[in-house]
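Engineer: Work the whole structure out from these sequences, hints included.
Heads up: take any position in the sequence shown, counting from 1, add 10, and you land on our numbering.
Calculated from the structure, these hints are not laboratory results.
Fair warning: this is a prediction, and the values are worked out from it, not measured in the lab.
Restricting the straight-line Cα-Cα distance to at most 27 Å, the calculated cross-link-like pairs of lysine-lysine (DSS-like) are:
no. : residue 1 : residue 2
1   : Lys19     : Lys160
2   : Lys160    : Lys14
3   : Lys126    : Lys104
DEER-style ranges, computed between Cβ atoms:
no. : residue 1 : residue 2 : range
4   : Ala190    : Glu101    : 18 to 24 Å
5   : Ala75     : His169    : 29 to 35 Å
6   : Ala133    : Ala110    : 15 to 21 Å
7   : Ser25     : Lys126    : 32 to 38 Å
8   : Glu21     : Glu101    : 30 to 36 Å
9   : Leu145    : Thr16     : 23 to 29 Å
10  : Lys14     : Ala152    : 17 to 23 Å
11  : Ile88     : Thr158    : 28 to 34 Å
12  : Gly33     : Asp98     : 30 to 36 Å
13  : Leu13     : Ala175    : 26 to 32 Å
Yeah, the Cβ is synthetic: ideal placement off N, Cα and C, and Gly gets one too.
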Amino acid sequence: MALKATIFKAELTVSDLDRAHYGTHTLRIARHPSETDERMMVRVLAFAMNADERLAFGRGLSSEAEADLCLTDLTGAIDLWVDVGLPDEREIRKASGRAARVAVYTYGTGAELWWKDNAAALARLPNLAVVNLPLEATRALAARAARTMKMQCTIQEGHVWLSDAGESIVIEPRILQQPASA
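Structural biologist: Take a look at the structure:
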């Protein structure tokens with residue numbers, strides 16, 4: 011019998027001063043049995059950094075051709091496609107053709123090598139943003155994973171502060187590529 015996803019719940023309060031987005035989001039996060047706490051928490055961080063009432067989690071690892079997060083407009087067209095990890099360059103190209111904007115959040119020990127191998131090909135995609143998250147920050151996020159979470163996120167001048175009842179994590183995302191229109 012196949013293992014089922016574990017459901018995590020989070021109440022995420024976002025104060026994004028850079029985009030003037032302020033709100034509280036109630037999240038239900040399905041963590042695939044093969045997904046690590048680190049990857050799941052990076053998905054939560056990506057949600058916070060792109061927070062919107064219409065932003066939704068995809069099926070994640072259980073469906074390769076689907077975004078980790080997706081923002082659709084009222085007609086069903088994809089406005090934002092978000093992937094986390096080190097996705098295949100061909101999949102990013104497909105997403106770039108389907109969505110108005112694409113964002114990839116890389117993390118982990120292989121992120122620099124992945125970027126070195128894919129930077130030239132990805133530079134041709136005008137609607138793509140690539141952001142690298144520091145290893146120590148993503149591991150600190152993983153340590154905060156719990157079945158029920160209450161977190162506050164503040165974003166200002168590209169810096170992210172994520173806190174829960176315990177303590178605050180400061181994250182300085184490194185922008186590797188910005189969309190041509192940015």
